[in-house]
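**Q** The residues making up each chain are set out below.
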Amino acid sequence: MSLLEIDGLNLRHGLLEAVREFTLSVAEGETVALVGANGAGKTTLLRAIAGAHRPSAGTISFDGADVTRMPAYRRVRMGIALVPEGRRLFPALTVEENLLVAAQRRRPGGWNVETVIEAFPMLARLRGRRAATLSGGEQQAAAIGRALITNPRLLLLDEVSLGLAPLAVEDVYRSLATVIAEGATVVLVEQDLTRAVAVADRVVCMLEGRIVLEGAAGELTRERITEAYFGLRRNQAVDA
Amino acid sequence: MSAQPLPAVTGPTTIRRWTRLSGGFTSGFGLLVVALIFVPVALGANTVQDLTTLLTYVLMGVMWNALAGYGGLVSVGQQAYIGLGAYATIWLADHSVNPYLAMLFATLFCGVVAIPLSFLMLRFRGAQFAIGTWVVAEALAIWVSLDNALGAGTGTSLSQLDTYAPTSREHYTFWLTLAFTAFFIGALFVLLRSRLGSSLQAIRDDEDAAASVGVRVVAGKRILFLLAAAGAGAAGAMTLANTLFIEPTSIFSVNYTAFMIFIVLVGGLGTFEGPIIGAIVLYEMQSLLGNDGVWYLVALGGAAMAFALFLPRGIWGTLEERTGLRFMPLGYRVGRAKSAAAPEEP
Amino acid sequence: MTWVNDVIQGIMLGGFYGMLACGLALMFGLMRIINLAHGDIAVLGAYLIYVVLEHWNTSPFLAILPVLPVMLLLGYFLQRLLLERSLRSGLLVPLLTTFGLSIVIQNLLEQGFSPDVRSLGAQAGSVATTSWQITSQLSIPAIGALTLGVAIVIFGGLQLFLSKTHSGRQMRATAQDPDTAELVGINSRAVYARATAIAVAIAAIGGMFLAIRSDFYPYSGPTYLIFAFEAVVIGGLGGSLWATLLGGIVLGVAQTIGGQINPEYPVLAGHIVFLLVLLSPRGGLVNLRRVTA
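Those sequence lines, one after another, are chains V, U and Y. When we follow our numbering, the leftmost residue of the first sequence carries the number 1, and every step to the right adds one. When we follow our numbering, the leftmost residue of the second sequence carries the number 241, and every step to the right adds one. When we follow our numbering, the leftmost residue of the third sequence carries the number 587, and every step to the right adds one.
Keep in mind the hints are simulated off the structure, nothing from the lab. Certain hints may be false.
Claimed, not checked - Pairwise CB distance ranges, derived in the manner of DEER restraints:
hint	chain 1	residue 1	chain 2	residue 2	range
1	V	Gly39	Y	Arg674	23 to 31 Å
2	U	Leu271	Y	Arg618	39 to 47 Å
3	Y	Leu862	V	Glu118	20 to 28 Å
The beta-carbon is built from N, C-alpha and C at its ideal position, and this holds for glycine as well.
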């Protein structure tokens, strides 16, 4: 039973078509990695799933319900949470306030301020610090925690390794592995192909707004992904 | 959204500035100005006065749009120059300058006064600029009202115009208003077609990015600021000529800004033709409802709210958006070379 | 020693201006809306109190109690029905909307209440007229002290609301990043509506003091609007609420001292001080660093 169904989605930035005829199903408990060069439409797609970007055509269904026109804040209560590109913590709010503000209308579940801090121990001593003063890695941890605290059924992660030192990335993916192990459904955008393939069940490669390659992580070779990534064999049929 | 995605243009391209439509319209506009010259001869006194008022509105609207629509500077204080233009005219006339010549000099004076003011005000954007300009206008109003030579708080009149017969006075006033309006519209047009026009577009889109590629942001804004000040000054002088009596609270009133906001937003912010349409709308509302006092103003306020809610881009702005038409040759058209049916992109 | 008296009077006047400016600052800080109808809304509040007093012979301080929920609702619907749509079209359109609203309020008030000048000072009782004589040159009017006190309570209360309550936290988050606020479950439209409701209710309290301290008539709004704006801008647009109160106080002191120099000058003195503060290097009293994450 698919938790997320996207059908024929078209997304525009002004007059530019960022995503075209995008169709994808994500089953509950699955982890899907979205890869592709900059400008391929990945961030726009995640934002559309989360409700921050209105489609010009196509539908998005979540848990059987059509959410295409549903505003973002209501999707959070249905169980979709996005960790935005660039973290986007509320800069003048403290870490704790960032968590509290997202926790206010959270769904029932195990995540609350205390358990989030347990999962990201580095946040413990940063509770009272204003978010703008945190380092990149600390902000990333806080941003993921802020998404988790809503007890989402679908977690969307946009470039969580961007701008982070390798050790910080390690930490982030370690925490992510725990979340995934507990059965969360995850769609993540990741520039680092190795990590993407390592953490995901399925890999989807996008180019200029379309899917050019899709398959189980274990079955796709690096060469095929790289070719699709750069569009080296554009005329080849898309693999299902 | 009504616009279609951009098609790709491949092969050799041409850049055109004029199309048949814009060429036709611009010449039509020129002909209209020429035709208007004959109005005082052809039409009665009341019409002449009314048209003078209408032209004054057009001038105010076009100038406010120059600042806000093209320069991104929302001024709540243009009435400073309206009042300054009027009072400078009186001062000059009191010092034996021919009243109509005084109006000309008063206009120049406003432009000159705006130079130091521009150095003060252009440091700001947004709310600080808006409120700053308003306070300058208020301060000027108070300062003038403390000056007994200028009639202080009770007001004063341009009595020197009494030397003209009423009909001649109305005609001369109309012609001067027409000349001023045509001049300032023409000046703005020329400015927008020059390199300044592109710079202003860049500034409107992203000021910091424009500065980083060498666009002289403050210089561009300053030209608009000075032009708008002179234009408002001319409107003030013309208002004085048309109404003969002024007093500080009304000639420096923030209601003028309210009218300008109405004219520009109803007509279409940032469009060239918009303020002209907006001025006509305001004028029509005044003629139709002006005698109903309070209800006229309620209708005006209600119309403003209705436009803000349903037609935020104004009449002309919505028209342009829906049809992609451009009547004035202010843009660039990319077309395929050697092709009769060139694709037109705004 | 009269200078000390002037400064104290100016501070109390500043409390009044700060109160008037509070709602304006809230709406501007959160939504970047310049509410040109704010002064008229305060005057509307005064008229509503007047209506209550016609049916219930009591003091304005009690008459405002039924008026406050009305104003809260008014502000809520003002945002949802009128301003919300304008916000989508950029920052200039709300100017047109609030200008239209201002005209409509002024003229409907004239229709409903006639252009006569009124005052609620009489119904306020002894508070409006009592003064405490501290020294031979220093006297503190009760109404001035009360206005300042209420202003401090309002600002303090609002600050507490913003820092300690859920709703207040939501407001701060939405002010900093409305897009991300939606992504964490905040209904930004409801947040904006609550803020406008609060702003309008506070404006009504300002209107009450306006009506007690002096006369009012349907067109009184714009005079106070410009003072409120000056207070906000003097305070600096960096996002601190207390700065607005401080801005009001600076304005009040400037006007009072200017009035001492020449009775014709108080408002002009205020304008000059405003321009001086604006032109100073910091451009305002408090300019918090723009924080970005």
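**Q** The structure should be examined with respect to each hint, and the outcome stated for every one.
**A** Hints versus structure:
Hint check: Gly39 of chain V to Arg674 of chain Y, Cβ distance near 27 Å, so the stated range 23 to 31 Å holds. In this structure the supplied range 39 to 47 Å holds for Leu271 of chain U paired with Arg618 of chain Y, their Cβ-Cβ distance being about 44 Å. Between Leu862 of chain Y and Glu118 of chain V the beta carbons are some 54 Å apart, a value that contradicts the proposed interval 20 to 28 Å.
When each numbered hint is compared with the structure, a violation occurs for hint 3 only.
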